[in-house]
Amino acid sequence: MKLFIKSALIVVYIFIAAEFFLRFFSPVPMLPRYIAETGYGIRGNQPSTQYFHKTPDYKVHFKINSKGVRADREIPYKKSEGTKRIIVLGDSFGMGYGVDLNNTFTETASRLINKKGIKNEIVNLSVSGHGNAEELVALTLEGLKYDPDLVLLQFHQTDFVDNVRSKLYKIENDSLVRDAKTYLPAVRIREKLFSYPIYRWLAGNCHLYNWIRDKAGGKTKKILATIRGIKNAKIKSTENDSLKPDDFNEKESEKDLSYKYTLTIAILEEMKFVCESANAGFIILEIPRRVKRDEFFNPIRANVREQLNEFYVLSPLTDFQAYKGQLLYWENSHGHFTPLGCEIVGNLLANFIIENNLLSTKL
Amino acid sequence: MLFNSVDFFIFFIIVFGLYYWFRNNLKIQNLLLLISSYFFYGCWDARFLFLIVVSTVTDYCSGIMINTGRLRLKQRIIASSFLVISLFLFIVLDWNKLNINLFKLKIDVHNIISWEGPERKIVVWSIIVLLIANFLYPLFKKIELQYRRKIFLVISIIVNLSLLGFFKYYNFFIDSFVELSNSIFGLQPNLWSLKIILPVGISFYTFQTMSYTIDVYRKELGASTDFIEFATYVAFFPQLVAGPIERGKQLLPQFRKPREIARKTDFWKSLWLIFWGLFKKMVVADNMALIVNEIFQPYDNGLTIMPENGLVIIVGVLAFAFQIYGDFSGYTDIARGVAKLMGFKIMINFNLPYFACSPSDFWRRWHISLSTWLRDYLYIPLGGNRKGKLNTYKNLTLTMLLGGLWHGAAWTFVIWGAFHGFILVIYRFLKIDEKIRYFSGLSKTGMIALMFILTCIGWLMFRAQNISTIILFFKSIVSTSYDFVAGIEIFRKFIFYVWFLILFQVFQYFTNSLMPQYKIHKILRFHVWLFVVLSIVFLSSQEKQEFIYFAF
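Residue numbers (our numbering), protein chains in the order written: chain R, 250 to 612; chain D, 32 to 583.
Read the hints as simulated data drawn from the structure, not as lab findings.
Note that CB positions come from ideal geometry on N, CA and C, so glycine has one too.
A hint or two may mislead.
What follows is a list of derived Cβ distance ranges for each label pair [stated by the list, open to error]:
id, chain 1, residue 1, chain 2, residue 2, range
1, R, Ile263, D, Phe470, 41 to 49 Å
2, R, Glu580, D, Ile484, 27 to 35 Å
3, D, Asn382, R, Ala435, 47 to 55 Å
4, R, Ile461, D, Asn382, 35 to 43 Å
Partner residues aside, some chain D positions facing chain R, computed with beta carbon under 10 Å [unchecked claim]:
id, residue
5, Phe522
6, Phe525
7, Phe527
8, His558
9, Leu561
Isolated chain R (complex conformation):
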């Protein structure tokens, strides 16, 4: 018994030492995700919550309103007279991970457009982890309630994979059809865990816990990717070698690859159709992938882009290259935009909207 108590105390001591070691020598980014089930079968931000993201680079306050929107106020569905509405669909980039609300690229763009005399407001429906399939569901079942004038889709490289993985839509007889009714990966477990104050404290404050979770998550993803890769190991990939994104499966079959692109294009076309039906504009904003501080590439490859000729597709890639060497993405905190990165994107977005008169479609 004595030996057991002694061993247990040593283990506890080692854990405490590890926590202090991390705090002192290698602080871990703590980015808890307060995700909950929405009423329409997909993930959403947990309504009416407030939390912090703490990393070696920044400390950011998150306030989620009662409708699950990152905003410092409640936003009614009915918009006020004379105000244009921009609905933002996206993932953690769109949600503004890494920056305070005022510094997000969407709020920056909104301010600049306001300065040009076009009164507008942002309704940010972005949720960390969302792909285009979930975004389409969010747009049709929630976004349209806000009567948008413009829909901004923030496109990230992971969307191609996420769209297939979610199984919310599929291609059948060359058409996009709804497949699974819900896509709620680990949401119930997450909700359960976050209902315990001790877990909330660990997720938001304990470096060791976050380190273990990050590592375990990374390893699991790697194992799953390996398993997926091995299944198709015999079929050569057609991926362009100049692009070496880490979330593309090199051993993916040509058929799977082609399906991934076809599905994504079909989802984007459906979004555009939904927006046009609601008399709202639709823009796609690409989030460039960072290779190094001065090396980026666009997530939408040329062959896919060719099929998006009818879309407004915007990328800050050229602007980013002009700022080469400067910190546009946080390097120790999961790689989201810095305030400078957001400012560049916000400026670009505002200018693009004004130049193309995208907020005058509906009065």
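With chain R held as given, fit chain D onto it using these hints.
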């Protein structure tokens, strides 16, 4: 298979488990070690195992012929069969084509047999040589003892140096000859140039086997008659690919008597060696590599503009000094720890080299197994310091030049060797070594600092991939103005990863012990352990680097 990989961990757990299981059967233990050593090496490239086999068979037979002058039929059959089986296993079978799938093991037999191209030539020529050797054996027996001893010594040296020369230096000499012909005569000779891959660890095991034959010739060691025992000595996995270069008289006897698996204090000491080695490699060397590569890599790829900030270059060279030390001594520590767990004693290869106060002191502390090899088999046979000052200087320079060339087939290594030869000569000429003994603590510290600076100058030559980089970096250090902001930023990164190593080494130096933690209270010792383990877990570089000395 890197020491700091999960693969090695699993491999070692299995090997150690079986090794423990057969603790009462020495022969099976040795056979297990041989098979696991070949597996360990084969994970890089199984084809090159044949070179190890060639070296093993040659030196096994040469050793016996030098020692007793007679190979028994059984010994000849074993050696010949081993070579033939190896031909099939490592040359005819193409292990790269064996696509091992986690879900289904599918082997296409036609695919994994390579018989077209060079493989057929290697097999045919090897068998011809083998048949000739066996055919000529009765003639060898009749040669007078003293000549026979010499003949087999020469055979051993020629075979080993040929392997080394062909695989390591062929391209270097051909390229240098082409460049020379081009620059002097304007000729571009169409030479037989080959794309030869450097087999991992070839410099280590060829030197190890050569030392064995020379020791047998010098009658300092009896020849090994047990083939498995000898083959395991040549290929012993903890030190196969990056040393230490073990002498036969030190390691071979350990295969002949039962070994005691490390227990209690020895067990913890073995684990400490492994973890301290991992710390040096994963925390220090791999993180230093990131700093070093950022500075050197553009120049490795042909950049010819002088760096604007000499201070960054200085920090880069400092980082390389710790990278190469952490990398190489880390490897040796892990090798020693792993061997110690199995009851083997492997020599110390590094003894606080950056505390050396003169070049000769440095070589007594850095890569000790190579420097003693060069001393015993090159410097002393050349005449050492016995034939006057000038000859001593010549021998020193020649030894260091060859020592430099041992590290790699490039002019930068030759320059590095020449530089070390030069400073050895200068120190000897000024009789500094003799004077240092009478120096006070402060003066001695000054000498240590001076030697460290000289060592770092050498490391700049060693790390640079071409001579123009050496010149540009020296110019930058001497002539550019220092941007302290950028310099301090990079220095901060550097010191973050090396401070504990420096502190621990100071502790080692003043306690005159490589394991000074045994001189402190157990609670403090526990915290040293904890710090090292936590550093490995949390501060290891995300980018794994191969061990530098694998390339030598």
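Each hint tested on the structure:
Range check, R/Ile263 to D/Phe470: about 45 Å between beta-carbon atoms, so the 41 to 49 Å window is met. At roughly 34 Å, the beta-carbon separation of R/Glu580 and D/Ile484 lies within the given 27 to 35 Å, and the hint holds. For D/Asn382 and R/Ala435, the Cβ-Cβ distance of about 53 Å falls inside the hinted range of 47 to 55 Å, so the restraint holds. In this structure the supplied range 35 to 43 Å holds for R/Ile461 paired with D/Asn382, their Cβ-Cβ distance being about 39 Å.
With its C-beta approaching chain R no nearer than about 17 Å, D/Phe522 sits outside the 10 Å limit, and its interface hint is violated. Evaluation of the D/Phe525 hint against chain R yields a violated restraint, the C-beta minimum of about 15 Å exceeding 10 Å. Against a cut-off of 10 Å between C-beta atoms, the interface hint on D/Phe527 holds, since the closest Cβ of chain R lies about 8 Å away. Here the hint on D/His558 is kept, as its CB sits about 8 Å from the closest CB of chain R, short of 10 Å.
The restraint placing D/Leu561 at the interface with chain R holds, with a minimum CB-CB distance near 6 Å, inside the 10 Å limit.
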